[in-house]
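Residue numbers (our numbering), protein chains in the order written: chain A, 104 to 364; chain B, 104 to 364.
In case anyone wonders, no lab produced these hints; they're calculated from the structure. Since we're looking at a predicted model, the values are computed, not measured. Fair warning: there could be bad hints in the mix.
One copy or two, it doesn't matter: identical chains are merged, so the pair holds either way.
Said to hold, decoys possible - Taking lysine to aspartate or glutamate pairs in the DMTMM-like style, the calculated list, with each CA pair at most 25 Å apart, reads:
(1) Lys214 - Glu122
(2) Lys170 - Glu122
(3) Lys133 - Asp295
(4) Lys133 - Glu256
(5) Lys154 - Asp169
(6) Lys290 - Asp313
(7) Lys154 - Glu280
(8) Lys154 - Asp119
(9) Lys154 - Asp349
(10) Lys315 - Glu122
(11) Lys214 - Glu352
(12) Lys170 - Asp313
(13) Lys214 - Glu280
(14) Lys290 - Glu333
(15) Lys218 - Asp313
Here are the chains, one letter per residue:
Protein chains: 2
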Amino acid sequence: MSQALYVVKIGGNVIDNPEACARFLSDFAKLDAPKILVHGGGKVATQIAAKLQIETQMVEGRRITDKAMLDVVTMVYGGLVNKNLVAQLQALNCNAIGLTGADGGIIRSVKRPVKTIDYGFVGDIEAVNAAQVNALLSSGLIPVIAPLTYSSEGLLLNTNADTMASATAVAMAELFEVNLIFCFEKKGVLSDPDDDNAVIASLNPASYADYKSSGVINKGMIPKLDGAFEALKDGVKQVTICHSDDLLEAVMSAAGTVIAL
Amino acid sequence: MSQALYVVKIGGNVIDNPEACARFLSDFAKLDAPKILVHGGGKVATQIAAKLQIETQMVEGRRITDKAMLDVVTMVYGGLVNKNLVAQLQALNCNAIGLTGADGGIIRSVKRPVKTIDYGFVGDIEAVNAAQVNALLSSGLIPVIAPLTYSSEGLLLNTNADTMASATAVAMAELFEVNLIFCFEKKGVLSDPDDDNAVIASLNPASYADYKSSGVINKGMIPKLDGAFEALKDGVKQVTICHSDDLLEAVMSAAGTVIAL
């Protein structure tokens, strides 16, 4: 049996709420095992872009990352958000190291090919360097990963944080027994969108198919859950979706929605 | 004889010039030895602050880092500048890892005590964790350090890049034979400010005292050189001040101003 590793993703809505974020970081610091934090962006990038009079480019309802917006997300996600998380974790005696995919070459991507839409400076993940990440973990460091990757041509690329967390979890599953935990502002996957306590305790492929066909699970939760099942098929031991206040309970499989094959 | 380590500081004026910066990075990538890059900020932070309508606070002619300006330098130095340097170095097959002092707890500081002036969120360096930096070097990583440190309370703090380079060089001198190289837009310390080719080839404490008393060396160069002599007294083997185009020559002591005891 290989050693446990927790890959924890914290959503942008939690990042945007200083009190909720501080509570989450306190729990993350207490988690006594090898661990990696992947963070979303939050609304600050949009606010800073607005102040800089950079308009969000939309094409057919999709958000486009032009060069000006790439610079903003590099500043905000890679700088402001990432380094403040690291400094707060250091004050909690958690030896955090803030990284983008470019740092140590840990997550390389390719600029998304233009088909019908040119998404601009957006990366599709090509490779996670598990050996390099493991070298950092082995020297007692806790990687804190911002949602940016890089291409072999030296471009930084805006990248989805959920996808980065899943890809990291899958790559590390070669070396560890990986538990992937998505923390956000809800208590889990809900069977009733109007009842925050209606948490579906567990999902497997059969029950997920049922919830989807009845329409109970829909919209934005579907790509997240499809990604979770993909990660399990690719070797991740367990995926949990839970509230950012419930990380330590989720580690004991005692909170949120537990997803397994 | 311990192994050589190059601690290279690149100034803000070079960062601000994309062509000069690309030439420098190409040479830095070629330098075939353990190495650390410390970078200055450049003018982008001031430009972004102006666009965000954040005014630079000045007290008695000194620049003050208030919270709004700290957020800007965290974004620009820790995010935009640092991550673009890292991505460019990765494309040159140099396994760079971008860090502030907070990352891995490598450079801790204290918020500068208020005497006559409150400088705001500015850090005075307290400790460099040489063992942690060495662990990164040992795993084949090239630290690229932004001019930010952190306090034990979890604050990020704006910190002078020259001072960070010197403090890092001194701390690493316990483990390596350290060569500290300051790269900027001039060919070295000049004996005539109007002649860019009038480079003083070498300085020792006696010749430095002569140049100072005759007024040949003055103003902004004095704190830089005082710092260089301090670093030498504290165990650094050699300090060189040279043009950013001359890094590989300076490594061979064939360019710039070589400073030794």
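Hint by hint, here is what the structure shows:
1. Lys214 - Glu122: Between copies only: 24 Å across chains, 36 Å inside a chain, cut-off 25 Å.
2. Lys170 - Glu122: Result: close only across copies, 19 Å inter versus 33 Å intra.
3. Lys133 - Asp295: neither (32 Å within a copy, 59 Å between copies)
4. Lys133 - Glu256: between (39 Å within a copy, 17 Å between copies)
5. Lys154 - Asp169: Intra 17 Å, inter 19 Å, cutoff 25 Å: intra and inter.
6. Lys290 - Asp313: Only inside one copy: lysine 290 and aspartate 313 sit 21 Å apart there, 72 Å across copies, limit 25 Å.
7. Lys154 - Glu280: Answer is neither: 44 Å inside a copy and 48 Å across each miss the 25 Å cutoff.
8. Lys154 - Asp119: both (17 Å within a copy, 23 Å between copies)
9. Lys154 - Asp349: neither (35 Å within a copy, 40 Å between copies)
10. Lys315 - Glu122: neither (34 Å within a copy, 54 Å between copies)
11. Lys214 - Glu352: Result: close neither inside a copy nor across copies, 38 Å intra and 37 Å inter.
12. Lys170 - Asp313: So lysine 170 and aspartate 313 fail the 25 Å test inside a copy (43 Å) and across (51 Å) alike.
13. Lys214 - Glu280: neither (31 Å within a copy, 41 Å between copies)
14. Lys290 - Glu333: Cα proximity of lysine 290 and glutamate 333: one copy only (22 Å, versus 56 Å across).
15. Lys218 - Asp313: neither (33 Å within a copy, 68 Å between copies)
Taken one by one, the earlier hints fail for this structure at numbers 3, 7, 9, 10, 11, 12, 13 and 15, listed in ascending order.
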